[in-house]
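Colleague: Here are the chains, one letter per residue:
Protein chains: 2
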Amino acid sequence: MSQTARLSEQALARAALTYLAEPGDPALGALLEICEPAEVLAAIKADMLPGIGPGCGDSPAGRRALERALGRWRIRLPHLPGDAQIAAACRDGVRLVCPADPEWPGGLDDLGPARPYALWLRGHADLRLACARSVSMVGSRAATGYGAHVAGEIAADLGERGWVIVSGGAYGIDAAAHRGALAAGGVTIVVLACGVDYPYPAGHAGLFAEAAAQGLVISEWPPGRHPARLRFLIRNRTIAALTRGTVIVEAGERSGALNTARHAAQLGRPLMAVPGPVTAAQSAGCHRIIREWAATCVTRAEDIIEMVSALGDPLTAAMTPEPRAVGGAPSRDELDTDSARVLDALPARGAAGTSTIAAEAGVDLDTVLRCLGLLAGSGFIERCDRGWRLRKPQRAG
Amino acid sequence: MSQTARLSEQALARAALTYLAEPGDPALGALLEICEPAEVLAAIKADMLPGIGPGCGDSPAGRRALERALGRWRIRLPHLPGDAQIAAACRDGVRLVCPADPEWPGGLDDLGPARPYALWLRGHADLRLACARSVSMVGSRAATGYGAHVAGEIAADLGERGWVIVSGGAYGIDAAAHRGALAAGGVTIVVLACGVDYPYPAGHAGLFAEAAAQGLVISEWPPGRHPARLRFLIRNRTIAALTRGTVIVEAGERSGALNTARHAAQLGRPLMAVPGPVTAAQSAGCHRIIREWAATCVTRAEDIIEMVSALGDPLTAAMTPEPRAVGGAPSRDELDTDSARVLDALPARGAAGTSTIAAEAGVDLDTVLRCLGLLAGSGFIERCDRGWRLRKPQRAG
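The listed protein sequences derive, respectively, from chains A and B.
Residue numbers for the first sequence follow my numbering, so the first one is 591 and each next one is one higher.
Residue numbers for the second sequence follow my numbering, so the first one is 591 and each next one is one higher.
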């Protein structure tokens, strides 16, 4: 069953733009702030600048920059798949999530014009919900045994406590973090710098399949797109923006993980680093950002949860059930009004999507997400392919 | 040759007080702020409160506290050695340094009434000069191989750059720090919690002898005094106050090193900690004080020098010759006026003490210390048992 039949004209245009432009292109970001995606796409196809208002492209220099960008995007036009082909890409668990979709993570909007045009997803987890309780954990590809061990242990502890681990799917620390989360039965999100159907590194094809089954594999690049050096750096801003905070486990002085760290700091998200032996070059970058007070020194999952929960966001508090403490969960009578409404909004049989439930319950999206998290954590409901469904049998046990 | 003949009445009284009272006794500290030591000693011997002014002991509660203290100090009177015996203690390299002596380190006065009554020294280095460029390095007795290795390496690097390592002479990190400094030909100061003639731990008798030969072994307790649990904690404030900054290399959550760390922080001296594997309990205390931003994360000698040199003190700048960069030292004509005066004040043959040189040169003590450091670093002069002497032959080479 494909998602494409349901893709709007604007979503199809955003999908097409992921084929034509590299993510983070400032000209396209600026255009999408003022024009509809379909209008921008039509302008590229017609080799004409879209009708733009004052403040963008109305100076000679701005106009020249836009003309250069247009030329850049048109180069890929001959290879742009048609709508039917884009439809064909959305199958086998691959789907598209666009800004303002219920599943779009609000944190990405903090990137401003640099936010992704759209995200390609492989897997069934709800991206917005997963990111609401997520931490990115990144580090050196050439990790030491110590670093890989510590990343795996901390990721597993976070996973057990219901926190989602976001990382880049690379060798070393990234892989150890993903694997730790998976081993604990947690959700993990792999953010690739290539198509979600393109296993890079190839040795991680199995890991990505597991992540998609238990979480998500996501990318700003369309299916089929190859990785490239610069793409990893552009991708890093997304890892930082998706999550509540970033943890660096091992990073040499020139590690790409420090690029992700910089993005987290620029976004005002908590930046944390795990120390290690001062005799290992792999910890030098961690120690430097701790010494310069750019990062907080963390040594275990509790330290990290304390940092990312300090934001005063009710989401975190409400969505932090004690690990496996289902026995202590509230009874139906003890639910707050919103959660009771949301629970009532779920169909007696089958499942419903988040926005359907929100409409049925008559509560806003943030509230419905908070309540769904609470209800899932308390064992009332569970996620499935088609959204959320009641989880009656287990609740009794 | 004994120092005692030269001990003033007040110095002899201070020596006696180190026999009668435990260091850090608040009643004795308060008395010594307003009375001469000999007056206090006479009052103890006569079992009468000394004539005290307003603000101390003039309230009934203050008076009762003083009476209790008097009882406490008189208990040890039967065991107080006579002046001749105290004179006998000052031999074989053992000597006494009192507040306001040229060799008294000014940093101790930051302790206020809690400063030592006097210090017993074993070894020939100039205490004040050594402390002017010193760092304390303390840590767990149950150090890991990693911790001992790192403490030794950093201490050796600091020693090579002319920094003095101060520590407590214990097993583990303390011993590794002392040994690192000694191996690099540097000066090290052992601050004991017992008499300077009492090797505790016994296994460190050889280490203490080396430290005395190449630096100093010092104590607030008189010769012959045994160590005791509480004495280690009282001793720690002295380690912190003697030095420009304190480095913790390994410390479990309840390590005594964290007590020294607290004193350093209270004194406003830079507090630093070396990270380690988060899997080792011995680094947990270091990581905690770094995480709570009480301590700066340091990984090498350069980090430490940067921290303790950031005080804007001309002493540090003037006394930091590049290690072994004698070739680049100034010629006699290039010396500043004060340094030239101090150099001229040294006897053509034999040696002179710091205060003699100051008097001869007609410059104040801080200036003479700065100049002596500069001249020694530049190869003009060198330390010897009896003070400073010209170092003509080497200067040519």
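If you are wondering where the hints come from, they were derived from the structure by calculation, not from laboratory data.
All C-beta atoms, glycine included, are put in the ideal place defined by N, C-alpha and C.
Among these hints, one or two may not hold up.
Have a look at the derived ranges for each label pair, beta carbon to beta carbon [what the hints assert, rightly or not]:
#: 1; chain 1: B; residue 1: P650; chain 2: A; residue 2: A855; range: 53 to 61 Å
#: 2; chain 1: B; residue 1: G735; chain 2: A; residue 2: A884; range: 25 to 33 Å
#: 3; chain 1: B; residue 1: R666; chain 2: A; residue 2: T869; range: 28 to 36 Å
#: 4; chain 1: A; residue 1: Q856; chain 2: B; residue 2: E972; range: 32 to 40 Å
#: 5; chain 1: A; residue 1: T869; chain 2: B; residue 2: G858; range: 48 to 56 Å
#: 6; chain 1: A; residue 1: A884; chain 2: B; residue 2: E972; range: 55 to 63 Å
#: 7; chain 1: B; residue 1: D926; chain 2: A; residue 2: E882; range: 54 to 62 Å
#: 8; chain 1: B; residue 1: A732; chain 2: A; residue 2: E896; range: 40 to 48 Å
#: 9; chain 1: A; residue 1: E882; chain 2: B; residue 2: G775; range: 28 to 36 Å
#: 10; chain 1: A; residue 1: Q856; chain 2: B; residue 2: W883; range: 51 to 59 Å
Covered stretches of chain A (in silico footprint by chain B; criterion: 3 or more residues with CB under 8 Å from a CB of chain B, positions within the stretch not fixed) [stated by the list, open to error]:
#: 11; stretch: 665-677
#: 12; stretch: 771-785
#: 13; stretch: 869-883
#: 14; stretch: 887-898
Colleague: For each hint, tell me whether it holds in the structure or not.
Modeller: Right, here's what the structure says about each hint:
1. B:P650 x A:A855: 53 to 61 Å: For A855 (chain A) against P650 (chain B), whose Cβ atoms are near 59 Å apart, the range 53 to 61 Å holds.
2. B:G735 x A:A884: 25 to 33 Å: About 31 Å separates the Cβ atoms of G735 (chain B) and A884 (chain A), which means 25 to 33 Å holds.
3. B:R666 x A:T869: 28 to 36 Å: This hint is violated: roughly 49 Å between Cβ atoms.
4. A:Q856 x B:E972: 32 to 40 Å: violated, 54 Å
5. A:T869 x B:G858: 48 to 56 Å: Given about 31 Å between the Cβ atoms, the range is violated.
6. A:A884 x B:E972: 55 to 63 Å: Since A884 (chain A) and E972 (chain B) have Cβ atoms about 44 Å apart, the given range 55 to 63 Å is violated.
7. B:D926 x A:E882: 54 to 62 Å: Violated, since D926 (chain B) and E882 (chain A) (Cβ atoms, about 36 Å apart) do not stay within the stated range.
8. B:A732 x A:E896: 40 to 48 Å: violated, 28 Å
9. A:E882 x B:G775: 28 to 36 Å: holds, 33 Å
10. A:Q856 x B:W883: 51 to 59 Å: violated, 21 Å
11. 665-677: With 0 residues close enough to chain B, the hint is violated.
12. 771-785: Since three or more residues must qualify, the claim that chain B covers the stretch 771-785 of chain A is violated, with 0 doing so at under 8 Å.
13. 869-883: holds (count 7)
14. 887-898: holds (count 5)
The structure shown violates the earlier hints numbered 3, 4, 5, 6, 7, 8, 10, 11, 12.
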